[in-house]
Amino acid sequence: MSIQQRFAYDVLVIGAGGAGLRAAIEAVGQGVSVGLICKSLLGKAHTVMAEGGMAAAMGNVDDRDNWQVHFADTMRGGQYVNNWRMAELHAKEAPDRVRELEAWGAVFDRTSDGKILQRNFGGHRYPRLAHVGDRTGLELIRTLQDHTVYLGVTVHMEHTVIDLLLDNGRIAGALAYDRERGRFQLFSAKAVILATGGVGRAYRVTSNSWEGTGDGHALAYRAGAELIDMEFVQFHPTGMVWPPSVKGILVTEGVRGEGGVLKNSAGERFMFGDIPDNYKPQTASDAEEGWRYTQGDKSARRPPELLTRDHVARCIMREVKAGRGSPHGGVFLDIAWIKEKIANAPEHIRRKLPSMYHQFKELADLDITAEPMEVGPTTHYIMGGIRVDADTQASTIPGLFAAGECAAGINGANRLGGNSLSDLIVFGKRAGEYAAAFARANGVPAVDDGAVKTAIDASLAPFSRGSAGENPYKVQSDLQDTMQDLVGIVRVESEMQEALVRLEALWARAAAAGVEGHREYHPGWHTCLDLRNLLAVSEAITRSAIERKESRGGHFRDDFPAKDPAFGKFNVVTSLDRDAAASSPAGMKVSRLSIPEMPAELRQVIRDQEQ
Amino acid sequence: MPTATFRIWRGGSDGAGAFVDYPTEVSEGMVVLDAVHRVQAEQAPDLACRWNCKAGKCGSCSAEINGHPKLLCMTRLNTLDLTVPVTVEPMRAFPPIRDLVTDVSFNFRVKPTLKKFAPRPADVADGTWRMSQRDIDRVQEFRKCIECFLCQDVCHVVREHKKHEEGFIGPRFFVYSAALEMHPLDTADRLGDLKNENGLGYCNITKCCTNVCPENIKITDNAIIPLKERVVSRFYDPVTRLLRVLRS
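First to last, the protein sequences are chains A and B.
With the first letter of the first sequence counted as 1, position 466 gets the number 466 in the working numbering; the numbers rise by one all the way through.
With the first letter of the second sequence counted as 1, position 202 gets the number 1202 in the working numbering; the numbers rise by one all the way through.
In isolation and in its complexed conformation, chain B is listed as follows:
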């Protein structure tokens, strides 16, 4: 069986560590997660790595492969150059825990700070609603999100500028907000929060998040830009501002 070398980050929560080379047998159809598992079973039983579904549905095995944010389970070896070592390292925007595992708890703290779903009263006496498929297509795109947080990892506002420490919620939660804002039943208003608290203005639409999304959600075009447009027309459009003044 042919062999390839996986250069895997080994390190602890203090950030100290080093890449270690693991030559490993490879076979047809393998993905990088298979190689990591083989290393775990045969050479490094304590190699830490998150994974669950191994089918691109749960978003657990996020990492950086040859420097690119990807899911380990959806990166086939035949898409990589195996004549040189394949580097596998943790998502670098998040604090390290051990080896390939990072502390992504920031993401779980953000969500409850955002206004939750608030449906209008039911349309029918039996407590149900009517929605047409056309009206929910765009929300369903956002709800494909598997919360792998690769978009958070690659976003330079998080990665380089650490603005999430000052309230920037990142692309994942702009998608979450867009899914609620565009939900046909929702009645809550999040535009003020998006502008004032959540740092929507920091995004300068470089589309890095869209490029790494394993679900191919058009994060920038379909979620962030429409939210920015709504904020602009609410808070900065002279005509609506005038109307608001006149109404009050």
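Bound conformation, chain A alone:
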């Protein structure tokens, strides 16, 4: 079997969510040719599911907000292991990126004086999230999509990238296949931008769609790039828990931003009982103050439900474990109670949270304007990813760039809600700009036909094993159980060592996976190809989590429950060890990378915001 189609671009963007689309727009605007590969149809990427909003310190609702406050909030949320330069660029540039969307047709909710409205969200000091009800992600992706289709970007829908191709250590393009016909296609490119999103499908309970299989992480890793911070996985505190078939689907933090409260089976607002010291000065002292905050009272402090996601998720776990959970193993999230406070509350809730209303009505037969929801933690986001240069988004491989969730740095140990959508557009733009510059400065790379043939043969192997091979769906399902049970919200050394043993067995089963039939739109075959990506990121998460013997942000260890300042000085790096790769499937090397010292002016910004 050989290549059936060839394409050549200056810049190839892999992934068509917010980051990929924004990167494509920027690159094509620089006058280079751009190809865009998406795993699904255009406009269906996981960005579409983002709900609450995008964080940008525009100060439209509270004029005390500015980039310094946003920067300090992001660093505090990330427990100071963030790439501070990324956090700085993000806070400074997000407002312009949001306003640009309006010029491209986005229709954000408005303030009474006609500006873009901003809402409260966990960990953000002031109302900061530009939003459209609770469907902000749809607005973002559709705006970028509708802008892109007029620009001359060539879009390859329903294509899956199998491997990146190198030319003497520099990026040369990618091997992909088209789902409709199952044909192998060679994309040669002077620069490649990975914008492939997250890894949620490595876990049993997740808010992620089927696409979140860590493709970009694994492609970069196999090509020799470094991954960092892979131990930091965000478990969003509020996913649906009932009925079983929808377990994990996201319930936006916006519910809490609009006044929703968390209660246990005894009816207690348990979040008031556990407020971390570094957040005490900013947190409401009673329910009344919390309510006033959600209604825009500038003298009030935020309710404890809006503490960072890692903390809220662990508090919910604790309530459930202590036997104070809801009937289906979660806790109660109540927005209906606001009828005590405002007239026509049901209508208000339906207007502010239309898709939540719709989602619970359709999928759980529950009216959120009348009854509390049941919620529990769900795997939502990975802070870790491809190590990139803050300004250019260049990875450690020349010509390979990364942006959005598959890149790491901005979020540190924990991401604040709303910082993802703004991350996509800030760093998507930068990746597009610098990838185009790289393409202009460098010639056409050569593609190694031998490497292409090897990759094609390997990807077709499942057909030769046929139905006698392992069922790929079963292998994926067993992997999800392993990660959920052993490397989840609460981690201990022994369980993670057990996970490594199981992962090794799963690697062997994945290598023996087989399918029957032909290559046209074959989901079983596709699952076979996803497995090695899922396994690579799962192993990186596990090995990084073992290396970090402390608790910080999204990474919580029962055997090391405290934060250790010594671990705040470095990021954990995982990379391919080519010598070891010959004997072990992943051949993974773990190392530590010192965090550069923050410049004095940024340290001062953080100190100023500590009160």
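Don't take every hint at face value.
Restricting the straight-line Cα-Cα distance to at most 25 Å, the calculated cross-link-like pairs of lysine-lysine (DSS-like) are [stated by the list, open to error]:
1) A:K247 - A:K341
2) A:K115 - B:K1207
3) B:K1228 - B:K1218
4) B:K1111 - B:K1207
5) A:K361 - B:K1218
6) A:K339 - A:K321
7) B:K1116 - A:K352
8) A:K263 - A:K115
9) A:K569 - A:K589
Computed from the model, here is a short list of chain A residues facing chain B with C-beta under 7 Å [to be verified]:
10) M49
11) V107
12) G114
13) V205
14) S209
15) P243
16) D449
17) G517
18) Y521
Source of the hints: derived by calculation from the structure; they are not laboratory data.
A virtual CB, placed ideally from N, CA and C, is assigned to each residue, including glycine.
Could you slot chain B onto chain A? The hints should help.
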């Protein structure tokens, strides 16, 4: 666990194929997409089906369930009669690819042929605009569209009369056009195109599109009829025609 039978279309891009019955265990809260996934994992690993978000937000899993255009992920089993087989087939207005997957590329070709958003100059020196919430409410309704294309699938102008092959853009793109035409900042004029190129006149407001819209957008009443009214007053109203003649 109780069992239900799913009668799922299996076929290729040549249109040939047949329904195959898959008896499957079902449990509380399941949607049709869960059943399709269970069949995929346990009985038919090569069963082709599009899906992404599983929460009614992406519009990927459009199909016809017991003959009705619906999202697989938002159709709960307790809304169906499980004592008889549940038929699941692809959208029939689009060319088949495999099993439940169809070629919806027509929709992606249409959009770039329509005039894009063209905002007026910024209202404020910092490059921003001012709009009141009341003025954008109706545009926000249209922008809820998840591009599932169920409205295109059910529209008889597409499905029966194939007018999309002659330029008819279908309900999805009347909604897209309405969102731009009614956008407070937009300055482009699409009425001539809607009348002459895009086949707005073919729609005889049977409201089938509105009935299948999973986002409950009032496609006919709020998008298509107002566009038709604008076309009528521009091109057919005797008073405005006279004024236009006098002005030129």
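* Looking back at the hints listed earlier, which ones does the structure fail to meet? -> 1, 2, 6, 7, 8, 13 and 16
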